[in-house]
Amino acid sequence: MLRNYLTVAFRNILRHKTYSFINIAGLTVGLTAFFLMALYVVHELSYDRHHEKAGQIYRMGLEGSFGGNEFKGASSPIPMAETLVRDFPEVITATKLLPAGNVLMRYEDEKFLEERMFFADSTIFEVFTIPLIRGNAETALTKPNSIVMTDETSERYFGSDDALGKMIVGEDGNSYLVTGVAEKPPETSHFHFDFLASFTTREDSRSTVWLSNYLQTYFVLQENYPPEQLENKFPELVEKYVGPQIQAAMGISLEAIKSAGDSYSYFLQSLLDIHLYSHFDGELEENGNATYVYIVSVVAVFILLIASINFMNLATARSAGRAKEVGIRKALGSRRSQLIRQFLTESILITFIALIIAIALVELLVPVFNNLINMQLGGLQLNNWLILAAIGGIGILVGTLAGSYPAFFLAAFKPASVLAGKLKSGLKGSRLRGGLVVFQFAIAITLFVGTFIVAQQMGFIQNKDLGYNKKNVLVIERADALGEQQSTFKQELLQQSGVTSATFSSQPPGRIFNLNAFGVEGRPVTETYPMYDFMGDHDFIETLELKLATGRYFSPDRLLDSASVLINEAAVKMLGFEEPLSQSLIRFGASNIICQIIGVLEDFHYQSLREVIKPMAIRILPTSGGNFIAVRIRPENVEETLDLIENQWQEFVPDQPFDYYFLEDDLANLYENEERTGIIVTLFSVLAIFIAGLGLFGLASFTAEQRTKEIGVRKVLGASASNIVALLSKEIVVLVLIASAIAWPLAWYGMGRWLENFAFRINLGIGTFVLAGILAFAIALTTVSFQAIKAALANPVEALRYE
Amino acid sequence: MIRTNDLKKVYTTEEVETTALNSVNLEINQGEFVAIMGPSGCGKSTLLNVLGLLDSPSDGEYYFLDQEVSAFSERQRASLRKQNIGFVFQSFNLIDELTVYENVELPLLYLGVPSKERKKQVTEALDQMAITHRKDHFPQQLSGGQQQRVAVARAVVGRPQLLLADEPTGNLDSIHGDEVMKILAELHEKGTTIVIVTHAPQYADYGSRLIHLLDGHVVTENLKGVSNA
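Listed in order, the protein sequences are those of chains A and B. 247 is the number that our numbering gives to position 247 of the first sequence; each next residue is one higher, with no gaps. 200 is the number that our numbering gives to position 200 of the second sequence; each next residue is one higher, with no gaps.
Keep in mind that a hint or two might mislead.
Said to hold, decoys possible - In the DSSO-like style, the derived pairs of lysine-lysine whose C-alpha atoms are separated by at most 27 Å in a straight line are: (1) A:K414 <-> B:K182; (2) A:K573 <-> A:K547; (3) A:K17 <-> A:K790; (4) B:K182 <-> B:K135; (5) B:K135 <-> A:K17; (6) A:K184 <-> A:K53.
Unchecked claim - Short derived list, chain B residues pointing at chain A, Cβ under 8 Å: (7) I95; (8) L106; (9) L214.
None of these hints come from the bench; they were simulated from the model. Don't be surprised by glycine CBs; every beta carbon is placed ideally from N, CA and C.
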């Protein structure tokens, strides 16, 4: 029987080529889009799952508030790892992890700039699954000055030679013995290392200071031990270890801090939540965003739905063609369920044809897609039975979904009327078809609105006045390598015709991250205020073109400026100053510094636009204390200027690599996730409308064919071609209007939610919504009128002859 | 074999109610060859559809093989139908996507006949209709007479007790029409009960009994000797 079904199905596909093409093409595009998006979603969901104990691994975080200002970070202090294992039996093992920053590594005469080196405890191999190709995981990182490198790094340094036992030297003077070669961590890790050096190498490795939270602590919890139960014990931890140190450093007790309404507590975070849900201060890498994964999943499902609806619509529209067969089969004794099964078999067959083409397309398109969204997604792993079964399952699901309605619809035909030719072909279910078209277009319009709004917001971010001029600013990293030569370097730089200004700073402008506690002179010492803490040289505001609200900037003529500070307007507001210039701040630290406020800067965006502008303080950079040089260059001959600057750098520090970026590019990277989601949504909304259009085209050609007689009669009675086009297009106008009415509130709500991610965002204007509606309408109308015009121009005699 | 009691069939659309059959009382015995005649729209086809369990009556009783079937569900009717009734239509109603062989095989598939047995029965039926040489052709490649012979082969391949034919010669010229009627007569001789609806008096004469329908009523029923057979 199945063979009979398949035979009929195949012959039908071959016989109605246009119809089959539209169906298969729609499903193919839908499935291809679905799989591409699924690859992205699965990629995002699979972060850190390769660790055997992934479900038991947690990271420590610190949260609290000072002076009503909250902070939440992924960092913890050095003694944390050891303490967790010692004090809590449910913690099996723990490791510290500390990024080493940029390190210049030497091996013999070769130098390498390493950006992905970490210090870690020897237990890192117990916590994480990091397979060693060479060396012994148990002992690799126990001794000081040991280092484990990835296989890729080993290849880079030593080619095919065995890395084990080789010595490499860091610029800090530490030499490291290679004790292991590890497999390169997969793309889907929330941190990527090239080197893991033993934490014991560091001078601070035995530190007992709890108040400096600057590294990451990961630990493995006993299986099935409830994490909340451990978290409940953290207040004791704070009391026992942190309290006394606060008392010693600040002269106040933990209780006093708490009663002032402030807090200080540790929390834990599941490893599996880090990539998608964690956006704290001190993350090791830029993490993903669950919202975007969710958006992409929804779009993927919608595209499949649109493709399935095409199938439903076309199949029911041309049901008349199959009615006779249904009648005959019923007369011969077929049960309804058998007919339903037959039509489902047919739709599943068509889906599988589309599926096979889609799989081939996905394999072809993955590199293109990766290129577009700047990711490294693998293809569909067809050698994996589970994945193959899942793909097959999707085929059956889509086939069943797409085929179910037509199957029930067709199988319900009454044999007596069908065989007598009484079936009013195609009229039945036209309301439902209208509904389905509305649904498709509502999705398409929603996606359009989404696309437009994402594009507008990204444009807004790119063009927003940040309060400084980000254009034509070159940032050179590792300026500390210049050492004592910093000021001569800057002077020579300014001699170049392409350079207009330059400034040294402690942190990269545009990505200021260092938070410090400040107090106000004359207020109780318990009143502390967290403020971003930044140091720039005398040319900082000139180079970045910042604006001064009041007071003055640092001047090279005034020696006392080392005890001065500028704050931004946000800080003035937080501190409640009426006259900021008469106030002094206390910067808490190893030794407290009192600084006179000499000026207020207008607020500028020194962080991503997702963040509001927070209070910050700028102090003068000590001589030769810069880590970065920001250079404002002329927009002309950028290449040449760049070459000259690099030459100068090489003259000053010949053994140091020239590491630079353009400020504008770096700021754009802050929005990589948004850009990526924007690209995906844009791409797939175009595809969605394409599929919907394809379905509409099929439907329109069918309607035109069906109304041939009506059109013929109307023409004979004197209707013009344009009358006919209007007649056939009228319905579409109504459908698209309804679809818009459904789509607009949905898009308004959804995009409003998305925009909430940004502290600075565009307003949702009605224009965007109308534009999306018009666009969908134009596409629909073009599609339909192609058929309508064809029908309108046909010779009426031809049309009537068939009747 | 067939007995109806006050059979009614009413079609209702939104505005109009059409009575297609009105108080039809009928009895057809095993082995009969009954011809139904009447003008267009008198309810012949409706009657045949009801008798063939393709449609259910609006009112009245219908005994098929001594079972009251008027209230049967679609599923029950389908099951009775495939085991006992064969159909021949005016417009042949072959499935265009299936070959001659596959069309004839179809009822056996629904009956669940094993493949070997199927092959045997289909070959027999095709032989009987002298259409074996065309078995791999598609319906559109055949003449009308040939198509109707295939349709008859399909109707009888499952060896039904009852064969219903709705104007089987309506779309055929007289040579092919005669041919098809002769085949039906042969089947009747072999014991199949046949009910045929026809416009043509010369074909009605094949029947052992003639029923005249007008406006949904049986107006005359005359039994007569088998002639022209």
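To see whether the hints hold, each was checked on the structure:
no., hint, verdict
1, A:K414 <-> B:K182, "violated (31 Å)"
2, A:K573 <-> A:K547, "holds (17 Å)"
3, A:K17 <-> A:K790, "holds (19 Å)"
4, B:K182 <-> B:K135, "holds (21 Å)"
5, B:K135 <-> A:K17, "holds (26 Å)"
6, A:K184 <-> A:K53, "holds (18 Å)"
7, I95, "holds (5 Å)"
8, L106, "holds (6 Å)"
9, L214, "violated (19 Å)"
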